[in-house]
Amino acid sequence: MTDREDLPDVNGYSRTSVLVSAVVGLAVAALSVLWAQGFRVGYESLYRVNPTVEGGGIGSDWVFGNTIPALDFLIALIHAADVIMGAFILVMVFIHWAAFQRLAGKMRDPGEDVGEAVAADGGSPARGDGQGGDGA
Amino acid sequence: MSNLDHGKFTRVTTLFHSLLGLDVFLLFFTGYAIMFNDELWWMLTLMGGASGVTAIHRITGIGLVALVVFWITLQLISSTGRSNFSKILPAKDDIDAFIQDVQFVLGRADERHPSARQFAGYKADEVPLLSYIGKGVVAIFSIELTLLAISGLLIWSKTGLAAMFQTKAAAMAFVTFHGLLGVIMLMGVMFHIFEHGMHPAFYPVETKAFIPRSMVPEHHGDDDEEPDTTGIERLSLSPSWRTVSTVFGAMTVIGIVSVLVGSIFDEGYPVPRELAIGGGPSSILLTVGINLGMIVLGVGLVLSMYGNVLRIRWEQQLEQEREPTTAADGGEPQTDGGRPDAGDSEN
Chain A
2 MTDREDLPDV
12 NGYSRTSVLV
22 SAVVGLAVAA
32 LSVLWAQGFR
42 VGYESLYRVN
52 PTVEGGGIGS
62 DWVFGNTIPA
72 LDFLIALIHA
82 ADVIMGAFIL
92 VMVFIHWAAF
102 QRLAGKMRDP
112 GEDVGEAVAA
122 DGGSPARGDG
132 QGGDGA
Chain B
22 MSNLDHGKFT
32 RVTTLFHSLL
42 GLDVFLLFFT
52 GYAIMFNDEL
62 WWMLTLMGGA
72 SGVTAIHRIT
82 GIGLVALVVF
92 WITLQLISST
102 GRSNFSKILP
112 AKDDIDAFIQ
122 DVQFVLGRAD
132 ERHPSARQFA
142 GYKADEVPLL
152 SYIGKGVVAI
162 FSIELTLLAI
172 SGLLIWSKTG
182 LAAMFQTKAA
192 AMAFVTFHGL
202 LGVIMLMGVM
212 FHIFEHGMHP
222 AFYPVETKAF
232 IPRSMVPEHH
242 GDDDEEPDTT
252 GIERLSLSPS
262 WRTVSTVFGA
272 MTVIGIVSVL
282 VGSIFDEGYP
292 VPRELAIGGG
302 PSSILLTVGI
312 NLGMIVLGVG
322 LVLSMYGNVL
332 RIRWEQQLEQ
342 EREPTTAADG
352 GEPQTDGGRP
362 DAGDSEN
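Same order as they appear, the protein sequences are chains A and B.
First residue of the first sequence: 2, per the working numbering; consecutive thereafter.
First residue of the second sequence: 22, per the working numbering; consecutive thereafter.
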């Protein structure tokens, strides 16, 4: 690895950067716990999200209790985003599924004889383990 | 040489990716055991009911905050992070790559666009750090994770919500918002698993995210012999690929559609009054579909672990080879008599 340090592609992150980032990450996480938990226990029990509690969790009065139209809009917006992104993601799945089929068509079939092939670097051709050149 | 083996991730990135994956999967399993509790009642029960699930969800949520802040800080303070930033911004090439991908599928293009060759090889220096899908994944997951972490913390901090909106209904709206927002990411992660697990050349898992690029031998020298194509025609298809990719592809599509439909039904009431098995808007089909989606996530988790096992095996193999020689750069191993499984033999 030392012989490739001059190549920009293999530069990693320095130990110091990683250490500093880890400390910052853990510190912010600890502070956010402190903030989210708070010190006033009364509020916690008052507004607790208790999905399976008898008599209703925090959601039971949503429809009647909501007096803020912006929240309705926000949720409608996310619903729309869900549907649009969902459709888009499905298109992506189908494109890749089909592309994979085409790529598979270019590959050797499982039983095909690979004895004749010689790889350009003089090594042996890929084994039939599907791992390709990744050398798994 | 198949030329499909250039690395992408640094060692820090591979570790971060695995930890983030594990954390996000736990958040999905717990969060959607609550939101889709009538379809995933078994999952809720398995994780200790409502209190167990919410406890795990909060602990992993804090893990997510730590991971996200770690990553943002690292990108800001390191030169590697800053230099990578320009490579994640969308460009005209990405639109071209998308169009060519469609043409490739329809048989009107022979190859995928260079900017879409995240997997399909070519020379390492011709392949962008991220394909258009990779850029999309980074963009969507970054925005999602940030919004989910913020809304999650607001939900957790009832004092914070009360200060902002005064009412329980507002708190409830944030629960809804948080759950519906996560659905986009849930669908995206299913696609992500399919995309990285079912590529015929890399099946059952693409190892670039697990084997750091500093360890992957790149093809240097012998420029006149550098192949012009991906070399995919030299690879053998795994015997199980057709069956498994068809089944898994179907599961992915059914899973995505089901959580999408489920999220529409659950409007306003992602957290119901009481746990009702098979109650609410659920039907047999939806229950089966959402559970299939969770199995897709489970497969992703297994593949992630498998990728890490491969890295460990790869490291051991490199270690063995490095002792007598520097053959790990893709050249001929000095000896092959004693090591029939020498890693270079398939390059």
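It should be emphasised that the hints constitute simulated quantities derived from the structure, not laboratory data.
Among these hints, one or two may not hold up.
Sample of chain A residues facing chain B (criterion: CB under 7 angstroms; computed from the structure) [unchecked claim]:
1. L72
2. L75
3. L78
4. L104
5. M108
Per label pair, the in silico range of CB-to-CB distance [what the hints assert, rightly or not]:
6. A/I69 x B/T264: 18 to 28 angstroms
7. A/A71 x B/N105: 43 to 53 angstroms
8. A/L78 x B/E344: 24 to 34 angstroms
9. B/E344 x A/F95: 41 to 51 angstroms
10. B/T267 x A/A77: 47 to 57 angstroms
11. A/A81 x B/E340: 32 to 42 angstroms
12. A/G112 x B/V268: 34 to 44 angstroms
13. A/L78 x B/P111: 19 to 29 angstroms
14. B/T264 x A/L35: 20 to 30 angstroms
If you're wondering where the values come from, they're calculated on a predicted model, not measured in any experiment.
Backbone N, C-alpha and C define an ideal beta-carbon position, used for all residues, glycine too.
Now for the hints, and whether the structure bears them out:
Against a cut-off of 7 angstroms between C-beta atoms, the interface hint on A/L72 holds, since the closest Cβ of chain B lies about 4 angstroms away. Proximity of A/L75 to chain B holds as hinted, the smallest CB-CB distance being about 6 angstroms (cut-off 7 angstroms). Taking 7 angstroms as the C-beta cut-off, the interface hint given for A/L78 is violated, the closest approach to chain B being about 9 angstroms. Interface restraint check: A/L104 against chain B, minimum CB-CB distance 5 angstroms, threshold 7 angstroms, status holds.
This hint holds: A/M108 has a C-beta 5 angstroms from the nearest C-beta of chain B, less than the 7 angstroms allowed. Restraint check, A/I69 to B/T264: a C-beta distance of roughly 52 angstroms breaks the suggested window 18 to 28 angstroms. The hinted range of 43 to 53 angstroms is not satisfied by A/A71 and B/N105, whose Cβ atoms lie roughly 37 angstroms apart. For the pair A/L78 and B/E344, the beta carbons lie near 60 angstroms from each other, so the given range of 24 to 34 angstroms is not met.
Separation of B/E344 from A/F95 is about 48 angstroms and conforms to the stated range, judged on CB atoms against 41 to 51 angstroms. Look at B/T267 against A/A77: about 37 angstroms separates their beta carbons, and that is not inside 47 to 57 angstroms. Between A/A81 and B/E340 the Cβ separation comes to about 53 angstroms, which falls outside the hinted range of 32 to 42 angstroms. Checking the proposed 34 to 44 angstroms range against A/G112 and B/V268 shows it is violated: the Cβ atoms sit about 21 angstroms from each other.
About 23 angstroms separates the C-beta atoms of A/L78 and B/P111, a value consistent with the hinted range of 19 to 29 angstroms. Range check, B/T264 to A/L35: Cβ separation about 52 angstroms, and the 20 to 30 angstroms hint is violated.
Checked against the numbered hints given earlier, this structure breaks hints 3, 6, 7, 8, 10, 11, 12 and 14; the rest are met.
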